[in-house]
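Below are the chains, spelled out letter by letter.
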Amino acid sequence: MTAAIELQDLRKSFGPTEIIRGVNLSIADGERHAIIGPNGAGKSTLFHLISGRYNVSGGTVSLHGENISNLPPYEIYRKGLSRSFQVTNIFPNMSVFENVRCGLMWVHDYKYSFWHLIDRQKELNERTAEVIEEIGLTSRQHIPAGVLTYAEQRALEIGIAAAGGADVIMLDEPTAGMSHSETDQAIALIRKITEGRTLVMVEHDMGVVFDLADRISVLVYGEIIASDTPENIRNSKAVQEAYLGAEAEE
Amino acid sequence: MSEISKTASPATARPLMKTLLPWIGFFILLLALPNIFSSNVGLYTMNLMGIFVIFALSYNMLLGQGGMLSFGHAVYFGLGGFMSVHFMNYIEDGDFTFPMYLIPIFGGLIGLVFGIIIGSFSTRRAGTVFAMISLGVGELMAASSLIFVAFFGGEEGVSGDRTTGPDLMGINFGQDIHIYYLIAGWVFVTVALMYLFSRTPAGRMANAVRDNAERAEFVGYSQRKVRFVSFCASGFFAGIAGGLFALNFEIVTEENLNALTSGTVLLMAYIGGVGFFIGPIVGAVIFTLLQSILSNYTDIWQLYVGILFVLTVMYVPQGLTGIFMMHTAAWRMRRVGSLILPYLRAGVPALAMLTGIAAFLETIHHMRSSVEGETAMSMMGVDFDSHSFVAWIVILALVVVGGYLTRSQLPQLKEAWEMANKPPAQREGAGS
Numbered sequence: 001m002t003a004a005i006e007l008q009d010l011r012k013s014f015g016p017t018e019i020i021r022g023v024n025l026s027i028a029d030g031e032r033h034a035i036i037g038p039n040g041a042g043k044s045t046l047f048h049l050i051s052g053r054y055n056v057s058g059g060t061v062s063l064h065g066e067n068i069s070n071l072p073p074y075e076i077y078r079k080g081l082s083r084s085f086q087v088t089n090i091f092p093n094m095s096v097f098e099n100v101r102c103g104l105m106w107v108h109d110y111k112y113s114f115w116h117l118i119d120r121q122k123e124l125n126e127r128t129a130e131v132i133e134e135i136g137l138t139s140r141q142h143i144p145a146g147v148l149t150y151a152e153q154r155a156l157e158i159g160i161a162a163a164g165g166a167d168v169i170m171l172d173e174p175t176a177g178m179s180h181s182e183t184d185q186a187i188a189l190i191r192k193i194t195e196g197r198t199l200v201m202v203e204h205d206m207g208v209v210f211d212l213a214d215r216i217s218v219l220v221y222g223e224i225i226a227s228d229t230p231e232n233i234r235n236s237k238a239v240q241e242a243y244l245g246a247e248a249e250e
Numbered sequence: 001m002s003e004i005s006k007t008a009s010p011a012t013a014r015p016l017m018k019t020l021l022p023w024i025g026f027f028i029l030l031l032a033l034p035n036i037f038s039s040n041v042g043l044y045t046m047n048l049m050g051i052f053v054i055f056a057l058s059y060n061m062l063l064g065q066g067g068m069l070s071f072g073h074a075v076y077f078g079l080g081g082f083m084s085v086h087f088m089n090y091i092e093d094g095d096f097t098f099p100m101y102l103i104p105i106f107g108g109l110i111g112l113v114f115g116i117i118i119g120s121f122s123t124r125r126a127g128t129v130f131a132m133i134s135l136g137v138g139e140l141m142a143a144s145s146l147i148f149v150a151f152f153g154g155e156e157g158v159s160g161d162r163t164t165g166p167d168l169m170g171i172n173f174g175q176d177i178h179i180y181y182l183i184a185g186w187v188f189v190t191v192a193l194m195y196l197f198s199r200t201p202a203g204r205m206a207n208a209v210r211d212n213a214e215r216a217e218f219v220g221y222s223q224r225k226v227r228f229v230s231f232c233a234s235g236f237f238a239g240i241a242g243g244l245f246a247l248n249f250e251i252v253t254e255e256n257l258n259a260l261t262s263g264t265v266l267l268m269a270y271i272g273g274v275g276f277f278i279g280p281i282v283g284a285v286i287f288t289l290l291q292s293i294l295s296n297y298t299d300i301w302q303l304y305v306g307i308l309f310v311l312t313v314m315y316v317p318q319g320l321t322g323i324f325m326m327h328t329a330a331w332r333m334r335r336v337g338s339l340i341l342p343y344l345r346a347g348v349p350a351l352a353m354l355t356g357i358a359a360f361l362e363t364i365h366h367m368r369s370s371v372e373g374e375t376a377m378s379m380m381g382v383d384f385d386s387h388s389f390v391a392w393i394v395i396l397a398l399v400v401v402g403g404y405l406t407r408s409q410l411p412q413l414k415e416a417w418e419m420a421n422k423p424p425a426q427r428e429g430a431g432s
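Heads up: the protein sequence lines correspond to chains A and B, in order. First residue of the first sequence? That's 1 in UniProt numbering, and the numbers climb one at a time after it. First residue of the second sequence? That's 1 in UniProt numbering, and the numbers climb one at a time after it.
One chain only, chain A, in its complex shape (with noise of 0.2 angstroms):
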């Protein structure tokens, strides 16, 4: 069986800093997969290079065997994988319900017609209102996503990510500057929307990790140096020195 996301020897540079350094990383078919590692280790921008949003400087990047690498985010996410954004990456001035919609049209079919007419069309909106309901903003649906508060805009983010039905769903730190209770309610929302789906997820928060991961990768100055099941990560040396141990001298 190939592989959900397969990396291989992928590189990033910036001028002459290489920030990405000869990743292999091999994401199995629904498994959920957390990327950790300390600040400035190249996460993001390992991120971004899968979902099309950077050019990659050398190596491939595959989804389900195939090779996405240096393809537009919009055709990586029509092959069916999908992403959220560590700074919320939402359409302000639209209404929730017209945020999720906008996630949900591609997968629909409709691409960039212009003789359907939007309210009509009974599906679309149904299923715009389940995922609405799934992400707790029914009572929101009609408010400009602008004015929603930061853990809404955060629940919408992974709410618009999820909608289209992608069989990969990317989150960057899902939970990032939220209260208990708020990543609570977040880890439960992850766990139900990426049911039967490949979940890969950067995560500082080593509670929501180490609770969701089947599998953990340890991406320390753009090379992953363990990728094995939490526990083994939590018992592992090498990781403890190079991520865990510095994060609890901090």
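For the record, the hints were derived by calculation from the structure and aren't laboratory data. The beta-carbon is built from N, C-alpha and C at its ideal position, and this holds for glycine as well. The hints are all genuine.
Far from chain A, by Cβ distances over 12 angstroms, these chain B residues were calculated:
no.: 1; residue: L135
no.: 2; residue: S144
no.: 3; residue: G337
no.: 4; residue: G373
Straight-line distance between alpha carbons at most 35 angstroms, and here's what the computed DSBU-like set of lysine-lysine pairs gives:
no.: 5; chain 1: B; residue 1: K18; chain 2: A; residue 2: K111
no.: 6; chain 1: B; residue 1: K225; chain 2: A; residue 2: K79
no.: 7; chain 1: A; residue 1: K122; chain 2: A; residue 2: K192
no.: 8; chain 1: A; residue 1: K79; chain 2: A; residue 2: K122
Put chain B on the given structure of chain A with help from the hints.
Just chain B now, with coordinates in the frame of chain A:
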């Protein structure tokens, strides 16, 4: 900003009647207008309004809906006009049989063709790059219009005759009222089509790309293609407006596709409010009114339009429509009434101040431009001497006193505004 989503409003299907009501009202209004303003000037002004309504709405497909600031939208308007006037001449020469009232179709088609050509490279990026390309293309077209004389007619333009087509039930569009109904028909159809466009996936994604082009790419849409679709549609409707211009005035010149016209449409859309579907309609109507009425009274009407534009940009970026829409919350809570008095108290002195400023500008203008030695002038029915001491005292008093009083009323206006917009629960809490 919440009003922006008004054009993008609830997805829950509204009752059909409620959706249709504004359109029925619009239709009746278009039918009734010539009975209310039946003078020649009235018809002339309304015809121009109709043309500008379409033009400004097509412009807003770029700016308001799609986040593309264009400085060259007159290209599609002008080309539509030239194409249409040529077809009018073909019909006149008998080369070709076609009903005259459908001529704007050709304008729309050439607008669409040029939209496709120019959009194919200019929609790659929004923002500054797009604005610069639009400016360049606009200048290029304006320059070509003086070079390719066969198509653009050089400096005197191309003229035609709309009455030469086959009659439509005895109507040959010889009378102004006929052309009014012709334009009104086109206005109704195109406004409806442009509204419907905004309610399609392409129209919704145009808003999404305007809001956040990057995220749109991560839900499967190429920002470039989304812009391209809007751009082509916009060119099409601008071309139709140009075609109607040709039918109405029977002459199209270089001026119809140069930067001045591009600037005018930007002004209209912005003054009306680019965040609302009806904003450009309001803008086009007000601009045309200013142009045709104010210009009867003063030579410096363009200065006033310019000042209005600058003030809009600085203080009410949501446009004149936005000012009305700001009151929806208070309106729903039935508290608009409480604002009338504060508005009057601030509005009357503000009006005095504005009168003073206008009098100042007019008097200066009169002193500079009148015949040597002539000092008598009149403004708003008041005759005075532009060099007299008293006149200047009055002007100064109007500005200073009006300004002072307006300023002194602002705090209570602000307070009244906050009272009127407080959520109900909070207000009761404060009251009890």
